[in-house]
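Just so we're aligned, residue 1 is where the sequence shown starts under my numbering, counting upward by one.
Accuracy of the hints is not assured; some may be wrong.
Using 20 Å as the maximum straight-line C-alpha spacing, the simulated PhoX-like pairs for lysine-lysine come out as follows [as the list claims (entries may be wrong)]:
hint : residue 1 : residue 2
1    : Lys-51    : Lys-65
2    : Lys-51    : Lys-160
3    : Lys-157   : Lys-170
4    : Lys-450   : Lys-438
5    : Lys-567   : Lys-541
6    : Lys-170   : Lys-51
7    : Lys-170   : Lys-160
Since the hints were derived computationally from the structure, they do not count as laboratory data.
Everything numeric in this text was worked out from a predicted model, so none of it was measured.
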Amino acid sequence: METPSDGHAYPAHWEADVVLRDGGTARVRPITPADAERLTSFYEQVSDESKYYRFFAPYPRLSAKDVHRFTHHDYVDRVGLAATVGGEFIATVRYDRIDATGRPASAPADEAEVAFLVQDAHQGRGVASALLEHIAAVARERGIRRFAAEVLPANTKMIKVFRDAGYVQKRSFEDGVVRLEFGLEPTEASLAVQRAREQRAEARSVQRLLAPGSVAVIGVGRAPGGVGRGVLDNLRDAGYTGRLHAVNKAFPEGLTEIDGIPAHRRVRDIDPADRVDLAVVAVPAPYVPEVVAECGERGVQGLIVVSAGYAESGAEGRERQRELVRQARTYGMRLIGPNAFGVVNTSPDVRLNASLAPEMPRPGRIGLFAQSGAIGIALLARLHRRGGGVTGATGISTFVSAGNRADVSGNDVLQYWYDDPDTDVALMYLESIGNPRKFTRLARRTAEAKPLVVVQGARHSGIAPTGHTVRATRLPYATVSALLRQAGVIRVDTITELVDTGLLLARQPLPAGPRVAILGNSESLGLLTYDVCLSEGLRPKPPRDLTTAATPADFRAALDEALADDKTDAVVVTAMPAVGEDPAGDAELAAALSAAAAVAPAKPVLVVHVELGGLAEALSAAASTGPNAPDTRASLPMPAPERAPEGAPRLIPAYPAAERAVRALAEVVRYAQWRRDAAEPGKVPEYEDVDVAGAAALIDELLAKEGDPRGLELTAEQARDLLARYGIAIRQTLPAPDATGAAEAARALGYPVALKTTAPHLRHRADLGGVRLDLADETDLRRAYEELTEHLGTPAELRPVVQSMAPRGVDTVVRAVIDQAAGAVLSFGLAGAPSELLGDTVHRLVPVTDRDAQSMIRSIKTAPMLFGWRGAAPVDTPALEELLQRVSRLVDDHPEVVGVTLEPVVVAQHGLTVLGATVRLAPPPARDDLGPRTLPVAY
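With the sequences and hints as input, model every part of the structure.
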């Protein structure tokens with residue numbers, strides 16, 4: 001389609017795939033002269049009423065002149081976009097730049113007239129809304145700031161599209177036509193509308209994959225065995241409530257069924273009256289394109305490709321994967337995989353096991369996403385099995401194993417879980433995060449409604465798994481982890497911790513604080529639990545030892561008392577089995593603990609039991625609504641999900657080790673605190689002395705002078721000038737090319753002074769002798785200068801400077817960096833070894849609120865240094881908080897500021913001093929979170 005139009009280059013970067021309101025996809029691209037036949041065919045399928053609304057008069061067909069006009073654009077003053085499915089137009093949008101009188105114009109005119117036409121069969125799918133987002137982005141790129149549209153009053157659908165877009169509008173009525181005018185700059189309202197539409201569309205696209213009315217498995221063998229036959233058997237055995245079809249072009253003529261399931265040689269052979277919603281593709285990779293084309297032409301809504309041989313196999317497979325995604329999206333289909341393990345939906349209305357898991361998991365309230373099939377199997381097994389691990393069996397609501405996740409990703413599944421009434425807790429195993437900026441945004445919104453627990457694999461390798469084609473982030477794993485925690489994500493390190501934490505969240509309420517009561521019949525186990533609580537940042541009370549002679553009644557009385565204490569937020573019960581204890585004793589103890597917990601349903605209760613056996617099973621049975629047997633085959637009724645009726649006792653999780661129980665509890669305590677903080681979000685302050693316009697003009701001037709697309713590092717004077725426009729003062733330095741020059745600089749600044757090198761390898765390195773402090777007079781200064789140049793190098797190599805001494809305080813460092821994938825990140829720590837050697841640095845996404853700034857200062861391990869450690873005077877932390885917020889405002893207001901380092905920042909008892917600053921400018925990176933909705937590019 002890259003055909004030039006009117007001599008201007010085809011803007012390929014305007015092409016995009018979008019998810020529509022009903023979960024299907026469409027391709028948005030510029031219209032070219034080669035589209036003449038497509039446009040004519042499209043127009044013929046539009047109703048007379050829609051044509052009337054577009055042209056305000058009967059307009060049965062397009063003339064040759066019309067077709068030429070609507071397919072020839074200069075991509076600047078005249079632009080047309082089309083939404084396509086299967087290569088054919090389903091909607092078009094066009095703008096024409098106009099002047100103040102409404103006549104055709106060129107720049108600098110900044111207004112354009114816009115008009116849409118949507119095929120009647122596709123109206124109501126959100127096509128016009130998606131096209132409006134894209135044509136508005138194109139117009140902004142071309143210097144257009146306002147759209148005008150004339151609409152007939154009866155065309156209520158199109159008026160609603162404009163009205164609901166969230167832009168600031170002006171509306172008038174003249175000569176029987178409604179005229180709408182609106183600015184194109186994104187607003188909070190327009191972004192909120194865009195993201196709400198994105199959520200509904202992407203959630204619906206996943207729902208179509210997880211709750212299909214019919215499934216075709218392609219690649220089913222006649223004999224038992226093989227991937228395709230295995231998936232078909234799993235679907236049937238799970239009791240899938242929809243219609244099943246087995247497809248294999250190798251089936252002999254006349255074969256009509258496989259084990260009672262209708263059999264077909266091709267998808268197109270299925271009765272046209274029988275819609276196919278989902279196709280599971282299990283054929284060798286070279287045959288997949290033929291299958292996808294058949295599915296697309298048949299109107300299949302989504303694909304699960306379990307076939308391997310794609311990006312995980314090398315360069316050839318990577319290109320095969322790109323083509324697979326392009327082909328699926330061409331037909332409006334979403335895709336899970338390739339190399340996928342499959343999906344599961346345990347809802348009684350669906351009972352979908354379109355996966356390689358031989359047993360249908362029990363129904364429950366946990367949603368599970370895994371990029372790795374092997375890890376997905378392990379997680380399902382841990383949640384499914386009885387005995388070993390945490391208390392009994394626990395079920396899931398949905399499970400998605402995305403394989404290479406070439407299309408559907410964790411972001412899409414988060415959109416689905418966000419308002420899924422069957423999912424209370426979300427667990428995710430991720431090996432890569434393709435769009436960290438979007439993931440953190442979705443994770444924050446999800447975490448405000450329900451817990452999200454994430455473990456990230458391949459985190460120390462620094463690279464994504466071979467099959468995952470994602471943009472790289474320059475941020476280290478620790479930084480990404482900190483940003484996820486800022487978004488409310490519960491970050492754990494192992495799949496054991498993932499399950500431990502998920503089960504606690506699924507079974508117990510969130511604690512009101514970190515105060516923990518410990519009771520049990522083993523003093524040693526109680527003390528061990530106490531120590532682990534302290535290590536995890538909890539506030540445990542001294543353990544209560546009930547002695548080994550404690551009876552179930554003793555346990556209940558002690559638990560009743562602990563839960564009734566207003567100074568207790570959670571209780572850990574430690575239970576050591578008595579020699580010869582029988583199952584009846586386990587059941588009695590479990591009943592006693594469950595009865596006590598039921599009296600105080602707002603406080604979580606956990607059990608540490610060194611021999612997980614009878615007690616764990618008894619605790620599971622004490623309040624379980626789950627099945628008593630693992631058989632979930634279609635011949636048996638499907639058990640209900642494990643959500644207990646209102647007021648019924650919750651399942652009490654039992655852990656085989658104190659460390660596992662307490663770590664899970666600590667994660668839940670931190671998450672509960674995050675939820676409370678998120679309910680009262682902080683504010684991004686406004687400062688009267690910030691000169692946004694002046695800073696923007698200076699940045700434009702500096703970038704224009706440089707001309708290097710890689711950007712530039714500002715000189716000390718330029719950095720001081722820019723930062724001053726945001727109220728950030730840098731202490732003056734004067735060059736010292738020789739000892740006499742140093743003395744003259746010191747006299748100008750006033751003693752005492754510091755003598756420092758600015759050579760990159762010695763900057764901020766007092767330990768190497770590159771910084772000499774508290775030089776009281778010229779004699780001290782000349783002596784220091786001589787020592788410096790004698791031991792470290794010539795003045796030309798060292799580039800010495802003189803700076804007046806700052807009030808004594810704590811040396812800190814503030815940094816901001818723009819990462820293409822994650823966005824702008826602000827970092828803080830103590831200068832020197834704490835941050836550089838020990839990694840004691842805290843990170844937050846920009847913009848930073850007042851509460852974020854307070855949290856940053858208090859989150860580093862060396863924070864006591866700022867608050868009066870060992871009798872020292874506390875430093876001016878409010879001044880430090882203000883500095884963090886000013887730097888945050890700078891990089892948020894001006895994306896061209898791609899790097900800022902303030903080091904050292906000396907925070908004294910009153911005020912602070914910034915002694916050094918480095919600022920880097922570059923053309924701003926693309927912000928994919930502010931543009932129109934698009935699906936990720938198939939890299």
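The hints, checked one at a time:
Pair hint Lys-51 plus Lys-65 holds up; C-alpha atoms about 17 Å apart against a cutoff of 20 Å. Between Lys-51 and Lys-160 the alpha-carbon distance is near 18 Å, which keeps this suggested pair within the 20 Å criterion. About 18 Å separates the Cα atoms of Lys-157 and Lys-170, which keeps this hinted pair within 20 Å; it holds. Proposed proximity of Lys-450 and Lys-438 is supported: the alpha carbons are some 18 Å apart, at most 20 Å.
Distance hint between Lys-567 and Lys-541 is fulfilled; the C-alpha atoms sit about 10 Å from each other, no more than 20 Å. Proximity of Lys-170 to Lys-51 is assessed by CA-CA distance (about 25 Å); at most 20 Å being required, the pair is judged violated. A C-alpha spacing of about 14 Å is found between Lys-170 and Lys-160, which places the hinted pair at or below 20 Å, so the restraint holds.
Against the hints set out earlier in the document, a violation occurs for number 6 only.
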